[in-house]
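Novice: Sequences listed follow chains A and B, in order. At position 54 of the first sequence the residue is numbered 54 (this note's numbering), and the sequence of numbers has no breaks. At position 96 of the second sequence the residue is numbered 214 (this note's numbering), and the sequence of numbers has no breaks.
Treat the hints as calculated values from the structure; they're not laboratory data. Errors might be hidden in some of the hints.
Claimed, not checked - Here are the simulated DSBU-like pairs of lysine-lysine, each with C-alpha atoms no more than 35 angstroms apart in a straight line:
id, chain 1, residue 1, chain 2, residue 2
1, A, Lys14, B, Lys160
2, B, Lys217, A, Lys14
3, A, Lys64, B, Lys120
4, B, Lys185, B, Lys160
5, B, Lys185, A, Lys66
6, B, Lys185, A, Lys20
7, A, Lys41, A, Lys66
8, A, Lys20, A, Lys64
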Amino acid sequence: GAVVSQHPSWVICKSGTSVKIECRSLDFQATTMFWYRQFPKQSLMLMATSNEGSKATYEQGVEKDKFLINHASLTLSTLTVTSAHPEDSSFYICSASDTAWRTGRGYTFGSGTRLTVV
Amino acid sequence: QKEVEQNSGPLSVPEGAIASLNCTYSDRGSQSFFWYRQYSGKSPELIMFIYSNGDKEDGRFTAQLNKASQYVSLLIRDSQPSDSATYLCAVKNLEGAQKLVFGQGTRLTINP
């Protein structure tokens with residue numbers, strides 16, 4: 001159980017275009033999803049927290065107009081990188097949580113999306 | 119002071135030995151503690167979670183939590199080369215705040 005699917009696994013896009021990344025919880029209802037970014041040899045940086053049906057909460061320094069997050073259902077959240085630039089190239093990872101966080105089942109990570117902007 | 123601190127390593131351990139990974143945290147209100155393993159180029163994988171003082175064992179892995187001293191550790195017994203990875207400590211701080219705060223990770227290498 002507790003499977004989180006993330007697509008695509010990797011994407012290359014041209015500078016100025018937008019890219020959408022999907023995160024799905026396959027066998028549980030994800031009341032909350034988290035989006036992280038990780039640069040090489042660095043730890044995870046939380047970008048935003050999204051709760052189903054409400055606006056995402058962005059971490060300080062993360063541009064909400066550039067990184068659009070939608071969490072319209074209990075099993076799907078999307079991150080859209082708008083007007084991507086080479087400095088947005090990174091490893092983007094989602095994580096999903098249900099209400100049973102004490103079981104540890106929450107906070108399961110997707111497989112990640114490696115974004116390269118050229 | 120960082121909220122969650124780990125020695126970045128690299129930590130080198132001979133195969134078959136016990137690998138000991140440590141993590142300290144600053145918020146005394148922290149409630150849940152997680153250890154993730156991350157292989158290079160992959161996303162983190164949950165190894166263990168603990169929220170009560172003491173030890174929690176799962177196979178070759180033992181998590182130890184000491185809330186008074188604000189540290190959590192992970193022991194890996196009978197270390198295998200496949201255990202070579204970066205280990206991330208994560209802490210859940212507040213009852214209402216669901217996000218995890220991650221340490222910078224410790225890179226572990228098991229030498230055959």
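Novice: Could you run down the list of hints and mark each one as holding or not?
Specialist: Hints, one by one, checked against the model:
1. Lys14/A with Lys160/B: 24 angstroms, holds
2. Lys217/B with Lys14/A: Distance of about 32 angstroms is within 35 angstroms: holds.
3. Lys64/A with Lys120/B: 25 angstroms, holds
4. Lys185/B with Lys160/B: 31 angstroms, holds
5. Lys185/B with Lys66/A: Roughly 39 angstroms between the alpha carbons, so the hint for Lys185/B and Lys66/A is violated.
6. Lys185/B with Lys20/A: 41 angstroms, violated
7. Lys41/A with Lys66/A: Given pair Lys41/A, Lys66/A holds - Cα atoms ~24 angstroms apart, limit 35 angstroms.
8. Lys20/A with Lys64/A: 14 angstroms, holds
In summary, the numbered hints that this structure violates are 5, 6.
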